[in-house]
Each structure stands twice: as structure tokens, then as C-alpha cells.
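Chains as they are written, first to last, in this note's numbering: chain A, 1 to 352; chain B, 353 to 654; chain C, 655 to 984.
Because the hints were derived from the structure by calculation, they are not lab data.
There's no promise every hint is true.
[Stated by the list, open to error] DEER-style ranges, computed between Cβ atoms: (1) Thr-732/C to Met-485/B: 51 to 59 angstroms; (2) Pro-934/C to Ser-150/A: 24 to 32 angstroms; (3) Asp-290/A to Trp-733/C: 58 to 66 angstroms; (4) Pro-327/A to His-772/C: 41 to 49 angstroms.
[Unchecked claim] Here are a few chain C residues that face chain A, going by a calculated C-beta distance under 8 angstroms: (5) Gly-808; (6) Arg-845; (7) Val-867; (8) Asp-870.
No residue lacks a Cβ here, since even glycine has one placed at the ideal position from N, Cα and C.
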Amino acid sequence: MCAGAARPGRFPGGGGYPVTDEGLRAEGVRVEFAARGRGEPARAVDGVDLHVRPGEIVALVGESGCGKTTLARTLLGLERPTEGTVTYDGSPLVYSSRALSAYRRKVQLVLQDPSGSLNPRHTVYDAVAEGLRIHGGVADERAAVADALSRAGLRPPERFFLRYPHELSGGQRQRVVIAGALVLHPSTLIADEPVASLDASVRGEILALLLRLRQDLGLSCLVVTHDLGLAWNIADRVAVMYLGRIVETGPVEKILSAPEHPYTQALLSVVPDVTGGATDPTVLGGEPPDPSRIPGGCRFHARCPVLASGAAEAAGVADRCRTVDLPILGAEDESQVACHYAERLAAEPRSQ
Amino acid sequence: MTTAEVLSPRRMAWIRRWRTVTRVWREFRRNRAGVVGLVLLVGACLLALAAPLFISEMELSVTRAPGPFVASPSWDYPLGTDKFGRSVLDLIWQGSRVSLTVGFLATFMSVFLGTVIGIASGHYRGWVESVLMRFTDWVLVLPTLVLAVSLVVVLGRGIGTIIIAIGVTAWPVTARLVRAQTLAVESRPFIERSRALGGGHWHVMSRHVLPNVMPIVLARTTLLVAATIIAESTLSFLGLGDPSLISWGSTLQEARDAGATSAGLWWWIVPPGIAIALVALAFTMVGRALEQVYNPRLRERL
Amino acid sequence: MSLLEIDDLTVTYRTAGGPVPAVRGLSLDLPAGQKLGVAGESGCGKSTVALALLRLLPTTATVSGRILFEGEDVLSMTWGRLRAVRWAGASIIFQGAMHSLNAVHRIGAQIAEPILLHESVTQAEADLRVTELLTQVGLPPDRARAYPHELSGGQRQRVMIAMALACNPRLIVADEPTTALDVMVQAQILRLIEELVRDHDISLMIISHDLAVLADTCDRLAVMYAGRVVEQGPARQVFEAASHPYSAALSGAFPRIGDPASRLQPRGLAGDPPDPAELPTGCSFHPRCPSALDICSHVDPELWPAGESEAACVLVLPDQGASLAEEAIR
Chain A
1 MCAGAARPGR FPGGGGYPVT DEGLRAEGVR VEFAARGRGE PARAVDGVDL HVRPGEIVAL
61 VGESGCGKTT LARTLLGLER PTEGTVTYDG SPLVYSSRAL SAYRRKVQLV LQDPSGSLNP
121 RHTVYDAVAE GLRIHGGVAD ERAAVADALS RAGLRPPERF FLRYPHELSG GQRQRVVIAG
181 ALVLHPSTLI ADEPVASLDA SVRGEILALL LRLRQDLGLS CLVVTHDLGL AWNIADRVAV
241 MYLGRIVETG PVEKILSAPE HPYTQALLSV VPDVTGGATD PTVLGGEPPD PSRIPGGCRF
301 HARCPVLASG AAEAAGVADR CRTVDLPILG AEDESQVACH YAERLAAEPR SQ
Chain B
353 MTTAEVLSPR RMAWIRRWRT VTRVWREFRR NRAGVVGLVL LVGACLLALA APLFISEMEL
413 SVTRAPGPFV ASPSWDYPLG TDKFGRSVLD LIWQGSRVSL TVGFLATFMS VFLGTVIGIA
473 SGHYRGWVES VLMRFTDWVL VLPTLVLAVS LVVVLGRGIG TIIIAIGVTA WPVTARLVRA
533 QTLAVESRPF IERSRALGGG HWHVMSRHVL PNVMPIVLAR TTLLVAATII AESTLSFLGL
593 GDPSLISWGS TLQEARDAGA TSAGLWWWIV PPGIAIALVA LAFTMVGRAL EQVYNPRLRE
653 RL
Chain C
655 MSLLEIDDLT VTYRTAGGPV PAVRGLSLDL PAGQKLGVAG ESGCGKSTVA LALLRLLPTT
715 ATVSGRILFE GEDVLSMTWG RLRAVRWAGA SIIFQGAMHS LNAVHRIGAQ IAEPILLHES
775 VTQAEADLRV TELLTQVGLP PDRARAYPHE LSGGQRQRVM IAMALACNPR LIVADEPTTA
835 LDVMVQAQIL RLIEELVRDH DISLMIISHD LAVLADTCDR LAVMYAGRVV EQGPARQVFE
895 AASHPYSAAL SGAFPRIGDP ASRLQPRGLA GDPPDPAELP TGCSFHPRCP SALDICSHVD
955 PELWPAGESE AACVLVLPDQ GASLAEEAIR
């Protein structure tokens, strides 16, 4: 682990926030959407085990259509899984409005588009206080709102109370959204592309804020993104998703420097990297197939460069790639990969 | 805003509302047509309120009116007199009370119904939505006049009947507009955020949907008032109103029944129509100006 | 001779709140066959520059300076000549291009539109050209009969590129061509653009806020801030060894994966990009600059040479230069 990263389970500060032992878990979660008219249902999430431990920042990486946003919404309770359970602190989610309401105090959401996430007719104060008011209010609402705004980096908070979202910059709006989540004292934040709509020079500040919240408050975070650089910047662990399944997971240092799954390798190779010596990028052809038409066998085999280049054939796994589906990766800490070829390589003695 | 002063949430809410009002007013002022319309409306309302101070009952009485019968306009009677000797100017003035009142009340009723049903049918999914939508469509195609006549038969003639008749038939258009706006608002991320914060149906509808729907409703309201005043006049003209009350429609009816058109008594039959048209126009101008004020609010500047 | 030479371009918008300077004295140079990247964030004026190139700015904009396209000044061209240059000389792929397609027309018709406008060809010939273009951008020709909503984001972007190529321009300006796309699709589109530019010998100007993408694709980079170019030079040098603190911050915002310096240490700038209506005094970057000096609030630097590139920062000047700048204030 790098220096400066908080180890799950123990943090300095604390700040009065609840620390759970168990964290947020998804077990065997499948989410299917019925097809419109005829056709197969779309399996947006097709069997995922995921564990966000207290104080941990996990990056859920994948392209659009891979199901990461659906998974995030399911973890928040905004979507019910067709199969599997979402567990928080050891107890599975109950989908009654009262239980969900209590759950919402623990796990909060930060959306991608800060301009759309705030009601344009509400002031900053109202936007942040909304969560408090929904849950019955607190004795000193003003102090709670001011505290949340300060923690989110908007100081002095009073200056922002009566402002409207359109009077703020993108970065400030995102901070207001984060403050609105913080005011409920959650223990976990789920951030869907938190910096994608922000200017480049402002991104670093928001990401640094998430790290600081982890350090000061022990907040764990699941960041859903397609940006691998973001994962490198702030995440402890990364899970790569493709077509509803996690295909590789593990510590960031390992996965982003020595990925084993061909999809992860391809993603990394196309990240613009000006420092010379970069290998020829593996640009995958075509686009990810429809979640209603998931290929048989390994779901990535149709676009897999390893299969296409014959290396899989040489290793003798080509048939398995086309016909045998891989098991769901568990939610353990160490790195795992769902790939027949990678398994075969790992089993063989290294020949360099 | 002074930093030293510590404001309570309530006070802040008031400051926020006041600032919104001043901002809307500043924007509204820029639209000259809207200001003209507003001046006309305020003038009309003040005149309507002040009518009893200037017009005595005798002047409006059918039997004891002082003026000459069907006299053309003169200095004493700027708009001439009707067949009972009443000054047409007084009739218009007095008639504005009923016409404006019915216009406002009927509009309020239909806007209220339309907003509630519109938001509900846009927010809820499933059978609630289907039932409400079918009901809206059904009322939408009911012909107003036929319904009004049937209501009169059932409830008896009178102002109340007219108000109900108009109110009950004019809401579907508002409901459809509000529903469309509700659907648009609910697709925006801040609704999802509100649910993620734990907000339930009532919270989302009242705190998020309603404020974003109000601008359209407000603009529609002013346009609807114009329509209801005309509707009231039509119904009174057809003889469905209270025969003892003077309104623009009833004046038109009396004039027509007395043969004003063929006799060339233009001063009797034209002024009520002009009054209706002017008020409707004023409301329309204000409504348009309000729409212009609210649109840039929803779009981002720069 | 340069294909495109922008000389002291100034664009001011007339708004209800007063004049807003979107571009202030910008000069750029693009030789034929080269790729230039223009980097900057919201409010820096880069989209305004793209629109100004073909005189597509609204009437509320006051434009001064010269834009020489193949030696002719676009700003003083006759209307007829301008229309000829538009699309056939230089074409633009607009920002948010994926939403700029007309939803009720088939894409084949939309690609054919500029062809039919500029060249006197029959519909059949135009359709043939459309098929060629679709193949060039990697779309199956039968997609010409599709409507925009039937295509994915990446496919729509390819359609926009096909449209830009339709009249064989010598210059293509791409405004944020890959911003809303996934990283894999982005790579596909960039590779496509590079191939097309190489095969057809077209000059390219890419506008983006993603410095890494620009540095990877372009030969030269120009970084814009508050309506001015604050640094320009060879792409690699500007990205890796920026002289201007803003360029350094911009390149630091896109961490290199595998670099321990950026692990768990996101770098960003405090504050926000400036509002063009309310620019700070002196150097417009000084309120956010981590290395700001006292004189930075008084002196507005020009582009001074810094190695192979140029940067508009007092730090770039040797010591005597800094004192010269101080004298200039007094």
C-alpha cells in the first residue's frame, strides 16, 4: 500500500462519523431490464460480487453500456436486483420506504452532471438542507449546512447560502452536491463520473477533496468512471467491468501496471501517453455488443485481440474462450481475472 | 449580505423569495408590451372595484334609469344609452365586476385542477397514469358549450354555474401541458438526487416538480383568463347567466335581442366587445412577457 | 506559406451587460499538412476561434484582425467567396456534433447536403460519394439510410467526420471531437482522423481540453487561457516540460498511469477558469497561479521565447527581462 493511504478499518480523525465493520457488498447481483416489445431482456448487470470496505476507494471502470451505472444505482437501492443481494454492514437491503430511507443516510450519491443535479430554482442552502429536511430535520439546520459546505471546500459557507446553481462554476456546483451528500453523515459515497463534466484544471481539486474526506471522515467511496487515470489518481482498488460482469479486479498498482485481462490491456494501451516507448495501442474494433445479446462463452471473445491473433489457439484455450463462460469473480482483496488465456498462462511455468 | 448577521433559515427563505420577486419584476419591466398590459389590467381591476362608488343603483335600474332611450353618444352619456335609458358606459363599468370575477375564479379552478392532475399523471406510473390520462382526454373532447348548457339545466342559471362550467371544461389543456413539463423535469438528474437523498413522492412533487412547473402554469394562467372572460361572455350572451347581474356578455345579449345591429345602435353593441377584447389582449401581453421572463431562467446564461 | 495564419484576432461579444472580450489578440500559425492542437478550458475562447475561422460568429460579435486562409483574409472576403471557402476550403466538426445531426433526416441525405450545395452533381453522383465517405470513416455503406438516433455516439461522430470530408477541404477544424466518448471509441476516432488526414493530405486543428490527447495526436500545441495563447510550441515539449504554470497544471490534470508522483495525489488548480467579462488585472492567470509574483498583477506578459516554445509568463524571462517588465509598469 502506498504511504498516505488509509488502511481499511482504521483512520485518524473520525469526526464523529459512524465506522462500519462490514462496508457495502453486492453478492451475485443481476439486474435485468425487460425488453420493449419482443426480444431478449437486457442483462445490464449479469452477476457481480463487489465489496467496498470502510475507508476504501474502489474504482469501477468500464465503457458506456457495461452496466456500471446500473450497478451503482442498485447499490444505492434506486434499482432492485433481479437476483442477488446488496448488503450493508452485514444486513441485506430491505426495499420498504422506511428501511430505504434509513439506508440513504449511510450511502449517498454524487452524480456526473453537477448542473443537472441541482434544482435550478433552489438556492445552495436549500439544496444542501434538502437531505436533512427529508429525514426529519435537525435542531440546528444552519450549522449542519455550514459544516457540510465547509467540508466540501466552499468557504466561507455563508457566502454561498443564497446563491443559485447558475451563479456558480462547475467545480463549485459539484462541491455543493458533495456537501448535500455529506450533510447526512454517510459512511459511503457512490460517485458516478464525478469529474467528467468539469474543467481539467478543476478536476484535481475535486479528487483531492474525495481523498481528504476519506482521510478526515473515514468515508469510503465507489467511483464509477471510464477514466483509468482517475483510478490511478485516487483509487485503492479497481474493478474492470465488461458487459455486466467484472472481468478483472485487484489493487490499482497491480492492475494498472500489469493487467492480465486482454480487455484491461487494451484499455490501458489506448490511454494517450506521450512518453515514448509506448507499445502500439490495441484499438478494439467495433463497439460493445448489446446487453440483450451477450455472446456465449467468454463474453469478450468476439472482440478479444488475444483470440483474434491466434495466441489463444496456440495456448489451446480458443475453444474454451468461445464456449465456456467464466465464473463470477469473488469480492476478495487480491487481484483476480476472468480469462481462460490468463489462467492458462498463470498455470504454465513462466517462459521469458 | 452582511457576513456579521446570522440569519435563520426562515429569514433566508424570505430573503430568497423577495429577491426572486424583484428579479422577476426587473426582467418583466424590460418587456414593454407586458408593462402596458399590466397597467391596463391593474387599471381595469381598480375601476371594477371602484364601480359602486361612482354608479348608483338607480342609474343601473331597468325601470328608473334617468337617461333617454337609446340615445347616441353625447357629452352627458359618452357611450350613449341602452333601451332602458342606462348609460352604456356605466353598464360596461359595472359589467367589468362580474366578467373579471368570473374570469379569475373560473381560471383559478381550472388551473388548480389542471396542475394537480397534470403533476399526478406525470409523476406516477402505471395504472394511475393511464386512468388520469384517459380521463383527461375524455374531458378534453367534451364540448364546452354543450356541457355548460347541461350544467345550467341541472344547477340552474347563475354565475356559480358558469364558473363551474368553465372551470370543469378548461383544465385538460393545462393538465396536458403540466404533464409534459413534469415528465421533462423528472428526467433531470436532480430528481434522482432527491430520491437518493431519501425523498418520497410528495417531497419530489411538491419541492421539485411544482416549482419547476409553476412558470408554465403562471404564463398559461394569464392566457387562460382571457379565454375564460370570453367564455363567460359567450355563456351570458346565450342567456345562461344570472339575468339580474350585469356583465359584458349580458349587455351584448340585451343589445342583440333589442335589435341593436339592425337598428344601427353601434354604441350599445360595440363597447362590450371592445372591453372584452382589450382585457383579453392585456392578459395575453402579460402572459407572453411572463413566458419570456421565465424561459431564460431555465436555460443557463453564458 | 502557411495554410492558415491567424494574426492578432480579437473577438468581442456585445451583451446586455457590456462588451465581453472572448478572444484578445490571438495569433496562430498552421503550415500545410500539419496538425495543431489548441488546448484550453471553458471560457478561454477556443470555440470562438473555430467559429471565427469561417465567419460563423453571431452578429453580436465584433471581430478584428486577420485570418489568412491560403493567403486570403477570411474576414474581408466577399460573401460569394466565403461560401465557396466554407466547407470546400475548410470544414468544422462542431462541439457536441453528435447532437447537431437533424433527427428527422437520414444521415446519407445529411452527408450529401454539402456536396449538393457546393458541386453541381446529380443526386446519384452524390450518393456514390456518400458511400465512399462512409467506407472511409469505417461505417458500412448501408447505414446511409439510417436515422441519427439509430446510431451510437461513436458512429454519429464518424458521420460528422464524413460530413466534414465531403467537399475535400484542405483544413479540418475539430472542436472537442472526442469529449463525450469512451476511451476506446475515442482511440478509434482519433486513429481514424489521423489516417484520413494523412491519406488526403489535410491540415488539422484539434481543439480540446484534454492535453494528453492533443499531445499524442498533434505536432504543435497552443494553450489558451482567457482569450490568449499562453504557450505554444512542439507538442511533446509543451506537454512534458511546460514553461507556463497553466500548461503545467493542465498537463498534470491527466496523470500518467504508472507514475508514482501522481498516485493518490491529484493535482488541480484552485479557483475556476476566469469569466471573460471580468478578467483580473495584469496576467489573467495570476489569481490561480502557484508561482505568482508581485508584478504578475500589474504586467500582462507577451509570448516570450522559452527553449523551442514560447510562453507568456514573466518566469520565462531571464532576470534582466523581469526587471525590464517592472520598469514598464512605472
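Inset, instruction - Could you check if Arg-845/C really has its C-beta closer than 8 angstroms to a C-beta on chain A? - result: holds, 6 angstroms
Legend entry - Hint status (Cβ of Gly-808/C to nearest Cβ of chain A, threshold 8 angstroms): holds, 6 angstroms
Legend entry - Evaluation of the interface hint that places Asp-870/C against chain A, nearest CB under 8 angstroms: The hint holds - Asp-870/C has a Cβ within 8 angstroms of chain A, the shortest such distance being about 4 angstroms.
Legend entry - Pairwise beta carbon distance, Thr-732/C to Met-485/B, judged against the given window 51 to 59 angstroms: holds, 57 angstroms
Inset, instruction - Confirm or reject the claim that Pro-934/C and Ser-150/A have a C-beta distance inside 24 to 32 angstroms. - result: The hinted range 24 to 32 angstroms holds for Pro-934/C and Ser-150/A, with Cβ atoms some 26 angstroms apart.
Legend entry - 58 to 66 angstroms as the expected CB spacing between Trp-733/C and Asp-290/A, which holds or is violated: Check failed, 48 angstroms falls outside 58 to 66 angstroms.
Inset, instruction - Take a look at whether the Cβ-Cβ distance between Pro-327/A and His-772/C falls inside 41 to 49 angstroms. - result: Given range 41 to 49 angstroms: violated, Cβ gap about 58 angstroms.
Inset, instruction - Hold the hint about Val-867/C up to the distance rule: shortest CB distance to chain A must be less than 8 angstroms. - result: holds, 5 angstroms
When held up to the earlier numbered hints, the structure conflicts with 3, 4 and fits the remainder.
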